[in-house]
Amino acid sequence: MKKVIMGNHAVSYGVRASDVKVISAYPITPQTQVVELLSEMCADGEIDAKFIKVESEHSALTAVVGASAAGVRSFTATSAQGLLLMHEILHWAVGARLPIVLANINRAVGPPWSIWTDQNDSLSQRDVGWLQIYCESNQETQDTIVQAFKIAETVKLPVMLVLDAFFLSHTFEIVDILEAEQVRPFLPPYSTEVRVDVEDSHSFGNLASPDGYFELRYMIQKAMEQSREVVKEVDREFGEHFGRSYGLIQPYRCDDAETILVTSGTVASTTRAVIDQMRDEGIKIGSLKIRVFRPFPFEEVFEVLSGAKKVAVIDRNISFGHHGIFFQEVKSALYGRTDIPIIGFITGIGGRDVTPTVIREIADKAMGDESPEREINWIGVKR
Amino acid sequence: MKPAKMPTEEFMTSGHLACQGCGATQAMRFALKALGPKTALVIPACCWSVIDGPFPHTSLKVPIFHTAFEAAASTASGLKAGLEMRGDTETIVLAWAGDGGTFDIGIQALSGAAERNENIIYCCYDNEAYMNTGIQRSSATPVGAWTTTTPTAHYKKRPKKKMIDIMAAHSIPYIATASVAFPQDLIAKFRKARQIQGTRFIHIFAPCPTGWKLAPELSVSMASQAVTSRIFPLLEVTENGLKWNVWKDFEPTPVQDYIKAQGRFRHLSDEEVAGIEKDVERNWQEVLAREKLSATIPGLDP
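Chains U and Y, in that order, give the protein sequences. First residue of the first sequence? That's 924 in the numbering used here, and the numbers climb one at a time after it. First residue of the second sequence? That's -4 in the numbering used here, and the numbers climb one at a time after it.
No wet-lab data here; the hints were simulated from the structure. Check the hints yourself; a few may be wrong.
[Said to hold, decoys possible] Calculated cross-link-like contacts (lysine-lysine; reagent style DSBU-like; alpha-carbon spacing at most 30 Å):
id, chain 1, residue 1, chain 2, residue 2
1, U, Lys976, Y, Lys238
2, U, Lys976, Y, Lys157
3, Y, Lys33, U, Lys976
4, U, Lys1079, Y, Lys56
5, Y, Lys208, Y, Lys238
6, Y, Lys187, Y, Lys255
7, Y, Lys238, U, Lys1079
8, Y, Lys0, U, Lys976
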């Protein structure tokens, strides 16, 4: 069934299709419609789940950790300050190897207060050990929730879905709605032998000496490395079932491109429109959307970018004292293997519109004879 | 006080990592005797995250999920929901936290769980300071006590937080205090709690000889004197926080005997001890007044 729904509701429909058993969440703009619709779905019996309406995001994630430890499929959603309040438990979910799925609606972090989008909330959680998948459309959002549970349960690591506030969360698009019965052959009900169970008693997470802790962390990295293939395989299998696949990355008109713009989230759609326009003008330009940020698709990114003469990375985030975060990652993927110039652009922070004009300015600067700064170029700063 | 028979079955084994005379360890042993094998524990950062034993060993015969310091009640809420969704409605989920994890850092999650009336037992074993980190003051530390962050020249000046009042204000079905010196009463209360649905809060007085500068063999005696000196009344609050029932059937003992026996109070002058005695009497009268008030509320079980 096709429906016109907002991005946040695409998250809720994804959860509905995934046979989730426990949901816990705390309201925060711009995430609220995710949990409002889920509350209704639980109340109407459309989802057979317990919804724990907690007093903070910290408790939301810990409740989901507890539920997942009991061996059931669990979900939460948040934004910005909420994600940051969860930080400690983001680590806990990884150390406990719990296959939780979380939707984070990208929102700028205060102060000053902002409800509009940028990626600093999710990217500041880069190193905790969650997979991170950046979505671009409502269809992709719904589908990725379903994929995320399968990935998480395979590699025993939690997965974070990331959506731009408003540009995606509040935008209405046509979505082919997935039903639970339809999804079940792809994503069977979850069960695990590693769970809190009085019939098979264990102590989970107790004190590990330096003799044991080290190996447990090694195993997390191995699982993360393994997850790269799992993400691809799950995506391929999803395609077989539903005819839609999304990839780790999405190259667009890159084959003979001399310049490639690297993007993520909704900026990718705008960029494609600009690429088409520039191609019409005879300019050899393409774009590369990075969908899966953790694990970082080093090889895939290298494959696409190694044929270009210039690479420009558009970051809706900033690592203060360093550069844009996607820029750092792309640079490390190419390091030592090519000498293609990589140029960093920061734009759209705090929800500032990234219009076709902005993208065009970036493209022109990147291609121009007058070399821009290599690492960091701020686009649209009022001085 | 209705004493229970002491069950012979043990759910705690040797090989735990507690100090000698540890009240928290006795508390766990008795609580599990009362609750039995179908109990799953959630333990936040506290002495018990160490007492359990080093990975991959455990000293308990029931499952434990260790969680973050402030997260006992919320993790337990989720664990209970998860178990129920898995079809296991029988397992008792017991959140087991120290006073720091309950009175201080965990109070938000606890308040949330109690307000939602989550179907869990939350137990605070109270040794009146952050003992696992080496004796720092918590809001459960009594007036006058020395800790490493309240040195004798600047000892704890503020009274212990009234946790039972706070929990009673959440209108939960069962609240009780218990003491390791009265194990049969403790067991009876856990058994009673086991039969009740909703959030049950049990506050156990659990001396810490290491932190109180006390000989380990005096641990149980101190727990006993805390009750008989009326410093730590044994009580139950039922009928969603309205009905208070206080145990009074004992020979009172002097507050100063309790105070003078412990190194953590050694610096106090006679005048300061007299001040504590006055506070203890006021608090005792306040608790009795609550009990009397319960009798005037219409519709409560006598």
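Contradicted hints - numbers only:
Hints 5, 6, 7 and 8 not satisfied by this model.
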